[in-house]
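Enquirer: Listed below are the residues making up each chain.
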Amino acid sequence: AQSVTQLGSHVSVSEGALVLLRCNYSSSVPPYLFWYVQYPNQGLQLLLKYTSAATLVKGINGFEAEFKKSETSFHLTKPSAHMSDAAEYFCAVSDPLTGGGNKLTFGTGTQLKVEL
Amino acid sequence: DGGITQSPKYLFRKEGQNVTLSCEQNLNHDAMYWYRQDPGQGLRLIYYSQIVNDFQKGDIAEGYSVSREKKESFPLTVTSAQKNPTAFYLCASRAGTGGKESQPQHFGDGTRLSIL
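First to last, the sequence lines map onto chains A and B.
One gets the working numbering by counting positions in the first sequence from 1 and adding 309 to each.
One gets the working numbering by counting positions in the second sequence from 1 and adding 151 to each.
Incorrect hints may appear among the rest.
[What the hints assert, rightly or not] Distance condition first, Cα-Cα at most 27 Å in a straight line; then the derived DSSO-like pairs of lysine-lysine:
id, chain 1, residue 1, chain 2, residue 2
1, B, Lys-165, A, Lys-377
2, B, Lys-165, A, Lys-358
3, A, Lys-377, A, Lys-358
4, B, Lys-165, B, Lys-222
5, A, Lys-422, B, Lys-160
[To be verified] Quick list of the computed label-pair ranges, beta carbon to beta carbon:
id, chain 1, residue 1, chain 2, residue 2, range
6, B, Glu-220, A, Ser-379, 26 to 36 Å
7, B, Gly-154, A, His-319, 23 to 33 Å
8, B, Leu-267, A, Lys-377, 14 to 24 Å
9, A, Leu-355, B, Lys-222, 43 to 53 Å
10, B, Lys-165, A, Ala-362, 27 to 37 Å
11, B, Gly-214, A, His-319, 43 to 53 Å
12, A, Thr-417, B, Lys-160, 21 to 31 Å
13, B, Ile-211, A, Ser-335, 26 to 36 Å
No wet-lab data here; the hints were simulated from the structure.
Ideal Cβ positions, reconstructed from N, Cα and C, are used throughout, including at glycine.
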């Protein structure tokens, strides 16, 4: 069974500093990977996705993530944090071989705090 | 604009009462999903449906029921058998099935259910 681990349930950075949110996955085959962002009392918004094309994926709001098969990782980064980036971030994995409705397995989330 | 509409935004349930959460999408998506979100636990799949008149249990289906009579609608009923229903419920949809597993899921803005 596939699984997702997000290291650090809370991450705090200063405005203008690098954002690094970690995601490691467990899957028998190279999966499809997604990062979502959630603002308070809202649904999830897709930031970016990896679907076996380029290993460096660029998303919205200046975020990007790099798929590293050897490390089974898909960490999310942003060069310079902005106050508006404060939110909860979820990594999710989909196994392309399971079919059956394309179920996503989510990590437990990382709450990002941006300080002045 | 196309999207997913969940209603109501807030819902209160009395002991022994069934309540139904609405989810409507106008994205012409085939697959729809219901998730439950609890603090620190990420999203857990309750039910999903790939086509009209068909649905499957997710990881935590006990105490919940769904129907899929129309492509655009996937209501979730929280029954009195669900002893701990207080949570944030998210509905999602995805374009296509079979070979389109790389397509991301799109989310509504959620319904927050509380016990009176």
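Enquirer: Of the numbered hints stated previously, which ones are contradicted by the structure, given in increasing order?
Expert: The structure conflicts with hints 1, 2, 4, 6, 8, 9, 10, 11, 13, although it agrees with all the remaining ones.
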